[in-house]
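Asker: Assemble the complex: chain C is given as a structure, and chain H must be docked to it using the hints.
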Amino acid sequence: MTERELRALAAYLELPAERDLAPAVRARLTARPQRRRALVVVLAAALLAIAVAFAVPPARSAILRFFHLQGVTIEVVDELPRVKTGALELGRSIDLDAAERTAGFRPLTSGLLGKPDRVTWDGRQLWFVYGETRLLVSQFRGSGVSVFIKKFAGPGTTIAPVVVNGSQGYFISGAKHFVYQQPNEVIREERVRLARDVILFEAGALTVRVEGDLTRAQALRIARSFR
Amino acid sequence: MVGRPLDDRELVARATRGDADAYEELVHAYQGIALRTAFLIAGNAADAEEAAQDAFVKAHRALWRFRPGAPFKPWLLRIVANEARNRRRSAGRRAALALRAAGDAASGDAAPSPEAALLGAERREELVAALNRLGETDREALACRYFLDLSEAETAAALGIRPGTVKSRLSRALERLREELGEAAP
Chain C
1 MTERELRALA AYLELPAERD LAPAVRARLT ARPQRRRALV VVLAAALLAI AVAFAVPPAR
61 SAILRFFHLQ GVTIEVVDEL PRVKTGALEL GRSIDLDAAE RTAGFRPLTS GLLGKPDRVT
121 WDGRQLWFVY GETRLLVSQF RGSGVSVFIK KFAGPGTTIA PVVVNGSQGY FISGAKHFVY
181 QQPNEVIREE RVRLARDVIL FEAGALTVRV EGDLTRAQAL RIARSFR
Chain H
228 MVGRPLDDRE LVARATRGDA DAYEELVHAY QGIALRTAFL IAGNAADAEE AAQDAFVKAH
288 RALWRFRPGA PFKPWLLRIV ANEARNRRRS AGRRAALALR AAGDAASGDA APSPEAALLG
348 AERREELVAA LNRLGETDRE ALACRYFLDL SEAETAAALG IRPGTVKSRL SRALERLREE
408 LGEAAP
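In order, the protein sequences belong to chains C and H. 1 is the number of the first residue of the first sequence in this note's numbering; add one for each residue after it. 228 is the number of the first residue of the second sequence in this note's numbering; add one for each residue after it.
Since the hints were made in silico from the structure, they are not lab data. Since no wrong hints were added, every one of them can be taken at face value.
Cross-link-like lysine to any residue pairs, in silico, SDA-like; alpha carbons within 20 Å at most:
hint, chain 1, residue 1, chain 2, residue 2
1, H, Lys300, C, Glu18
2, C, Lys115, C, Ala98
3, H, Lys394, C, Thr2
4, H, Lys285, H, Gly259
5, H, Lys285, C, Arg26
6, H, Lys285, C, Arg28
7, H, Lys394, C, Leu6
8, H, Lys300, C, Ala22
9, H, Lys300, C, Arg19
10, H, Lys285, C, Pro23
11, H, Lys285, C, Ala24
12, H, Lys285, C, Ala22
13, H, Lys300, C, Arg26
14, H, Lys394, C, Arg4
15, H, Lys285, C, Thr30
16, H, Lys300, H, Ala247
17, H, Lys285, C, Arg19
18, H, Lys394, H, Ala380
19, H, Lys285, C, Asp20
20, C, Lys115, C, Gln218
21, H, Lys394, C, Glu5
22, H, Lys394, C, Arg7
23, H, Lys285, C, Ala27
24, H, Lys394, C, Glu3
Footprint (simulated), chain C over chain H, 3 or more residues, beta carbon under 8 Å:
hint, segment
25, 247-258
26, 270-284
27, 316-327
The model shown is predicted, which means the values in this text are computed figures rather than measured ones. Ideal placement from N, C-alpha and C gives every residue a C-beta, glycine not left out.
The shape of chain C in the complex, shown without the other chains (with noise of 0.2 Å):
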């Protein structure tokens, strides 16, 4: 026997006739997303000066891997939606005197911080921005929310688990990422942002978020300062 008469053999094995199967292969690629798209609406503002509106996520994104926090689900997305830029929002401006009674919770005020030089309310969320957007804290009511804000980080995003003052929390750092706010589930406005490093923590019935320039080490001094 020789190798010549095995490939010689190969023209006369029962194999499959060749068939389309990019259709087949397109319309599961595009299946998933729309169920998605309903489900997105804008969480943030932001701390550059510019964020970016959302566009229609693209068709083709696989969930890679999920992490859980009260209120927060993020999602390691094999792509991530497309976007443009746009305007931001942060709510109104209110007094952190007042933040207390608007918000109808007792926010966290970081010792290491001070004050923020900015404070508002959007209705669900209470923003803390410090040094004209360098860094950017929001807190909401998280416990007893099953999906309040959604996350969506890219393949290249890193995200480590971290523990806040005893809570569970999360690094989300590197690559680029999205949050998004769902209210009820009920889509009000499309608009989300690209994010820097952003570290997400428990606190209580809050959860809490801290967005600039951070290494891990800063965003963790930072988020334990929260009390």
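Answerer: Then chain H, alone, in the frame of chain C:
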């Protein structure tokens, strides 16, 4: 003016950025070899089609892990082979080679090559019977190299083994095949 066809590298790059048409071109380019690979491993046409389809879907979702500039075909065939193997295992059967019924045209060939024409019917049956007595590992290696005409590097990728292992695996498989045929090594 008609533009030049895009090569795999450009198609992969575009597909990774979400270009569905680019990925469709890749599917068209490799669906034939994907189906044949899946069939030779799974041993069943329906499973082969499912495996090939699943492999294209999984490959698309894993494009972000694909090393830019690497050849797409062996990477895809590895996913295809895994899918096909999973189906064969879950069905709990052995894949078996079979000869086409007399009169069926070989896929894509207008006529057998001169070499193929010299392989007599009795010899073909003898070879297929001997191949079917081999273990799956031996038969998969021989199928990739000789029936699918993959290079050694592509065979290594499809089988998930090191390129250096392909030669020795093929050599052992050929030796066992000769034993089944009652022939001495050339």
